[in-house]
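Visitor: Chain by chain, the residues run as shown.
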Amino acid sequence: EFRPRPPPRVAPADSRTSGSEPSRLAMAAAALRAQLNALLANMFTTGMVDEQFQQLQSLQEDGGSASGFVAEVATLFIDDADRIIADIAALLDQPVVDFDKVDAHVHQLKGSSSSVGAQKVKLACMHFRQFYEAKSKEGCLMALALVRSEFCDVRNKFQTMMQLEQQIAACGPK
Amino acid sequence: MASSLKALLVEDTAVDRMVLSFMLRKFHCEVILAKNGKEDVDMFLEGNKFDIVVCDKDMPIMTGPEAIKKIRAMGATDVKIVGVSADDNAMEAFMSAGADDFVPKPMRLEVLGPMIQEVINMKNN
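Sequence lines, in order, name chains A and B.
Every position in the first sequence, counted from 1, becomes a number in the numbering used here once 41 is added.
Every position in the second sequence, counted from 1, becomes a number in the numbering used here once 106 is added.
Derived by calculation from the structure, the hints in this document are not laboratory data.
Some hints could be false.
[As the list claims (entries may be wrong)] Derived EDC-like pairs: lysine to aspartate or glutamate, alpha-carbon spacing no greater than 20 Å straight-line:
| id | chain 1 | residue 1 | chain 2 | residue 2 |
| --- | --- | --- | --- | --- |
| 1 | A | LYS176 | A | ASP139 |
| 2 | B | LYS112 | B | GLU224 |
| 3 | B | LYS141 | A | ASP120 |
| 4 | B | LYS141 | B | GLU152 |
| 5 | A | LYS142 | B | ASP118 |
| 6 | A | LYS142 | B | ASP194 |
| 7 | B | LYS186 | B | ASP157 |
| 8 | B | LYS155 | B | ASP184 |
| 9 | B | LYS132 | B | ASP157 |
| 10 | B | LYS155 | B | ASP206 |
| 11 | B | LYS112 | B | ASP157 |
| 12 | B | LYS141 | A | ASP121 |
| 13 | B | LYS176 | B | GLU152 |
| 14 | B | LYS155 | B | GLU224 |
| 15 | B | LYS186 | B | ASP207 |
| 16 | B | LYS144 | B | ASP157 |
| 17 | B | LYS112 | B | ASP184 |
| 18 | B | LYS132 | A | GLU113 |
| 19 | B | LYS112 | B | ASP148 |
| 20 | B | LYS132 | A | GLU92 |
| 21 | B | LYS186 | B | GLU152 |
| 22 | B | LYS132 | A | GLU102 |
| 23 | A | LYS198 | A | ASP120 |
| 24 | A | LYS142 | B | ASP193 |
All of these numbers come straight from a predicted model, not from anything done at the bench.
Model the full structure from these sequences, guided by the hints.
Guide: Structure (structure tokens):
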């Protein structure tokens, strides 16, 4: 079960510190962390990501010098998946579709989405299989539309996640 | 868990290479990368020694099982070889090629950890 990280405790403002830059930054960081936790909770409860993504997060937390690992993996996944989806679309655009190549590309996307924990993309790839096995161009096009839709959703969430992490980092150390 | 294992990671997908190599380094393995089965075999032909090989199945130029067959035929029978794949039917292909273990993707730390410990124990004995 996903457990969001609690926001850091911020000392109540008093006459000496209220309005000071450090306390404003701390409050801003706390608000951003709350947003990030809500985003991550939503990604888990909607099934967009699964326990594999949670494992990547825990790898980062335990890793000491590994901050940014999840962002790096997410960025790599986004770039890879973008390219693979474009390649599949190009294959399906041919007058004679090479379904073996479609198979290979979908398999690759299934693997990388599984490794990053992008569950809905993985499931969409699994759904795709029946159509290229049946050599149905129309079925493949519908399946590709689903893959693309799920990928766009998780890509947007990953990008928002990374923006929030950058904003939190810009507020300074905890 | 302290380890001085030398691991060869054979994986063509960049995302999987990053995740798996990070996991192996978490167990203090020195990680060498190969992007397909041919690079895997070439590593052994060049005289490199590894304690563990983690190998994907479907790769360009040469697949994981094809590479494993060649490596075993070269006499590298001591090295632990673990096949990994998102393909549900991959286990038989890996095991008949000479792999010691098969793990379905995604790899989990709680699965990799005991494998690493097993190799450490064998090396120390």
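Visitor: Each of the hints needs a verdict: does it hold here or not?
Guide: Hints, verified against the model:
1. A:LYS176 - A:ASP139: holds (9 Å)
2. B:LYS112 - B:GLU224: Within the cut-off at roughly 14 Å; holds.
3. B:LYS141 - A:ASP120: Measuring from Cα to Cα gives roughly 18 Å; hence the hint holds.
4. B:LYS141 - B:GLU152: Status holds; Cα separation ~16 Å.
5. A:LYS142 - B:ASP118: Cα-Cα ~16 Å, so holds.
6. A:LYS142 - B:ASP194: Status holds; Cα separation ~19 Å.
7. B:LYS186 - B:ASP157: holds (6 Å)
8. B:LYS155 - B:ASP184: Within the cut-off at roughly 10 Å; holds.
9. B:LYS132 - B:ASP157: Roughly 16 Å between the alpha carbons, so the hint for B:LYS132 and B:ASP157 holds.
10. B:LYS155 - B:ASP206: It holds: about 17 Å lies between the C-alpha atoms, which stays within 20 Å.
11. B:LYS112 - B:ASP157: holds (5 Å)
12. B:LYS141 - A:ASP121: holds (15 Å)
13. B:LYS176 - B:GLU152: Given that 20 Å is the threshold and the Cα spacing comes to 14 Å, the pair holds.
14. B:LYS155 - B:GLU224: This hinted pair holds, its Cα atoms lying about 18 Å apart.
15. B:LYS186 - B:ASP207: holds (8 Å)
16. B:LYS144 - B:ASP157: holds (19 Å)
17. B:LYS112 - B:ASP184: Since the Cα atoms of B:LYS112 and B:ASP184 sit roughly 13 Å apart, the hinted pair holds (cutoff 20 Å).
18. B:LYS132 - A:GLU113: holds (17 Å)
19. B:LYS112 - B:ASP148: The given pair, whose Cα atoms are some 16 Å apart, holds under the 20 Å limit.
20. B:LYS132 - A:GLU92: At roughly 18 Å apart (the allowed maximum being 20 Å), A:GLU92 and B:LYS132 satisfy the hint.
21. B:LYS186 - B:GLU152: holds (18 Å)
22. B:LYS132 - A:GLU102: Status holds; Cα separation ~12 Å.
23. A:LYS198 - A:ASP120: holds (15 Å)
24. A:LYS142 - B:ASP193: holds (16 Å)
The earlier numbered hints are all upheld by this structure, with none contradicted.
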